[in-house]
Amino acid sequence: MATVAPGVPTGPYHAVLDHIHPEPTSFIRKYVFSIDAKVIGIQYMITGGIFFVIAGLLAEIIRTQLLSPHGAILSAATYNSVYSMHGSAMVWFVVIPLLTGAFGNFVMPMQIGARDVAFPWLNLVAFWIFPVAGVILFSSFLVGAPDAGWTEYPPISLQGPPGTNLWCIAVFLIGISSTMTGINFLVTIYKMRAPGMTFTRMPLFVWAQFATTPLLFIATTALGAALAALFIERVFGVPFYDPKRGGSPVLWQHMFWFYSHPAVYIMIIPGFGIISEVLPTFARKPIFGYKMIAFSSVAISLLSFSVWAHHMFTSGMVPWLQLPFMIITMVIAIPTGVKIFSWMATLWGGSINWKTPLLYATGFLITFTYGGLTGFFLAAVPLDYHEHGTYFVVAHFHYVLYGGSIMSLFAGIYYWWPKMTGRMYNEKLGQLQFWLTFIGFNATFTPMHWLGLLGMPRRVATYDPQFQFWNQFASISSYVMALGTVLFFYILFDSIRNGKKSGPNPWGARTLEWMVSSPPPYYNFKKIPAVLAAPYDFGNPLPYLGLEAAPGATEATPTSASHPVPTY
Amino acid sequence: MAQRVVKPKTNLGPGFWPVTAFIAVLSAVMVYLVETSPLPIGLIQAGAPADSIDALFRFLGAVAAVIFNIVVIYTIYFGIVFARPKGAPPNTIGVQIHDAPVLEFWWTAIPTILVVILSIYSVKIWADLQNSQGDVLTVEAIGYQFGFQFRYPKVKGLVNEMHLPLNTPTTIHVTSRDVIHGFWIPELRMKADMVPGLINTIRVTPTVPGTYHIICSEFCGVAHSAMDQKMVIESQQAFAKWFARQAGGSGSSGGGGTAIAIDKGHADAGQKLFGQKCSACHSVGPFDQKQVGPGLGKIFNDPAHPKLVNGDAPTPQNVAKIIQSGFQGDMGVMPSAQVNQLSNPDIANLVAYLASLSKK
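Protein chains in written order, with the numbering used here: chain B, 1 to 568; chain F, 1001 to 1360.
These aren't lab readings, by the way, just hints derived from the structure by calculation.
A virtual CB, placed ideally from N, CA and C, is assigned to each residue, including glycine.
Just so you know, not all the hints are guaranteed correct.
Here are the simulated DSBU-like pairs of lysine-lysine, each with C-alpha atoms no more than 35 Å apart in a straight line [to be verified]: (1) LYS1277(F) / LYS244(B); (2) LYS1154(F) / LYS244(B); (3) LYS244(B) / LYS1321(F); (4) LYS500(B) / LYS1086(F); (5) LYS244(B) / LYS1156(F); (6) LYS1086(F) / LYS428(B); (7) LYS428(B) / LYS500(B); (8) LYS1086(F) / LYS501(B); (9) LYS526(B) / LYS191(B).
Listed below are several chain B residues computed to face chain F (Cβ distance under 10 Å; list not exhaustive) [to be verified]: (10) ASN80; (11) ASN165; (12) ILE327; (13) MET344; (14) SER351; (15) ASP384; (16) LEU454.
Required output: the full structure, derived from the provided sequences and hints.
What follows is the structure in structure tokens.
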């Protein structure tokens, strides 16, 4: 066989690549216990969306309670359960599954030109653990929900209500699910890229998922061990953590944060990937500094394993040990800064098409930068002595988790919604929804910075009356955010019912998922395409060979006579 | 078709340099404001190390303000000037530039230098804190559910209030009796977790007299929000007087010889007090309806529990005694009346209320 293009291997395995399994016909195999990554991705999205609504309602209960310094609606005990469940659900049952399970499954295999993930059955199991674990988590409300925060520090978590045991089980299960997904994605990205898709030709969302995978299956094991020990101590009385019987409460903190700090990056690196896809598409120019963005994701991923103890500067450790943790934490600002500057430079000189996904991407840029900068304040040990355990921390991590992860989720859902459903959403309402969310979010969380600095500790059901004004301000602003979320779901339902047909590529994007119809066919590609270049060269012909041109694509096809195939 | 490369109108885009100048001026103004304002506004510095920690805070604040200005203003500016004009064909493309190695070098190098400077500055402040001379007075602070107690040298037992003398380098060793608590004095910008089985140490030198708060900053149970205790910084003479009183007296509260007029209590007043002071830990149900402590609804006539938790007979006097002196049980610690700020008439009211419950 003749060489198609330099760097594109050809050979007998092409015949294997062309084989397509038949699509299952029964409803159950097609939509319930499906092994199609796209269906599983949408299942993740729906399940995560339901949990997002529940956890969001819990957040509104929290803010309503804090309308009054004496606690407006709940007893302290109930309030403690509410905020603990809010945190646990948002971290493990909303952000992580949506960013990895949902977008990873729906988008990533298509972007690398594969028909599915490497282990579809493993994928099926990983997904079905998720709703089961979610039900277990929320059923703890029936027996007394955990009340010691999402971190569940012993010894207080040893005194916690019986639901704490269910919490252990649920988080342990979701950890298993994460581990499966991590291994699955790593193998998929490593082994199943289309011919010619070298690492430096991968879309940046794939790079982001790739950088996230080691976090998923290495860090999660530490959490699993810690949870098993907590469960065993609570149920069978084996003292791992109880200092009165020779255990160490700080041990839990080390194990927990050895997972949970990398988990912070599980919750943001895929978001970086989404932003890196949205920006070039809507600025109509290549992503600026492709390699720097790709490598900085990997750098952040590796560094994130050696910063966990910055959550524990006040917990008690050898003082000198605080310094390496502080410095490595600060070093993470460098690759993160490189990303932010590269994204800004991507906007420069563009032909910017202001659509909702791009609004969210730039909103992300601003709020995430803010959250990153306050992270620096927390990393500096002497400042952390003052700020640790206060509302300053609450403000910081909501800026990176809501302003970062959730904003990127919104960007991703608006961006890939036409691909998932084949329908457009209402653009005007989408932009209104962005502004409600962006303004509501900032007004809710900015005051918390100074509330914390002035002396308001976190996890309190009542507070000093001097803080009442800003707490009420934050609470009322949070209702604006809630309104934005309600509007968001309205937009989605409206799109499904009345949305215009989108066609395969409404944004004129260039990554492979846009080269197939919307919604994509079972098994994505009839023929696996060959990849000639990184996908972001707007104006050049599409760098794919063997693609059956999707009808209605706005870009020129690779065989166009006036644009010869570029050589690399 | 898709070849129409839009050349920027000037080298870097229209108005790039004026915007850059604006960012520079705004940043300079913000740096000046941050460096000269007493941040965090509204919280006094009651002593070392608040001053050096605030200096680091302002320095970081200034750097952060500059970076934030650059990111936000350039992003908005690019978004406006490079927005696709209305009516432009949908496949108009931007400048096809992939990277700019010199630019990328500098925007990696400058943050790296900043990180080095900020780490060195932070390490320096940190080292000052570690090396500060703090051993003129040593106090031990012990957290429990839900309050703080203190041990002073030469004072027998524990005292329920922390007093610190002015201008005296003080070492505070903190630990806990039950679960993890936080020991935070915002006005001193200092905090350490109180971990059972561990002793953490902070060093402070108070310089401004006044009454401040010790706040629990680690979640510690149902009454965590209420774990906020006054502490006093006072002149060395006033401290010496207070200290002599503690050293001479019984130290720990609860000895109290004053009799409580049990029969003068009002159940209504007691009910109100119970809601404020007791209901975080005690229900008004039967003994087994536990929150942190046992349910108190049948404390005077519970056939299943004919004795009080300390083994005494359930008489009003004995109940009053527990309220007055506090109690350490399996489930946690009940603070004394002094910590709970309950006067003798309050206790009488509470006993009257509990008695009214048991009659039902």
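Point to revise | Enumerated hints in conflict with the structure, sorted upward | key: 11
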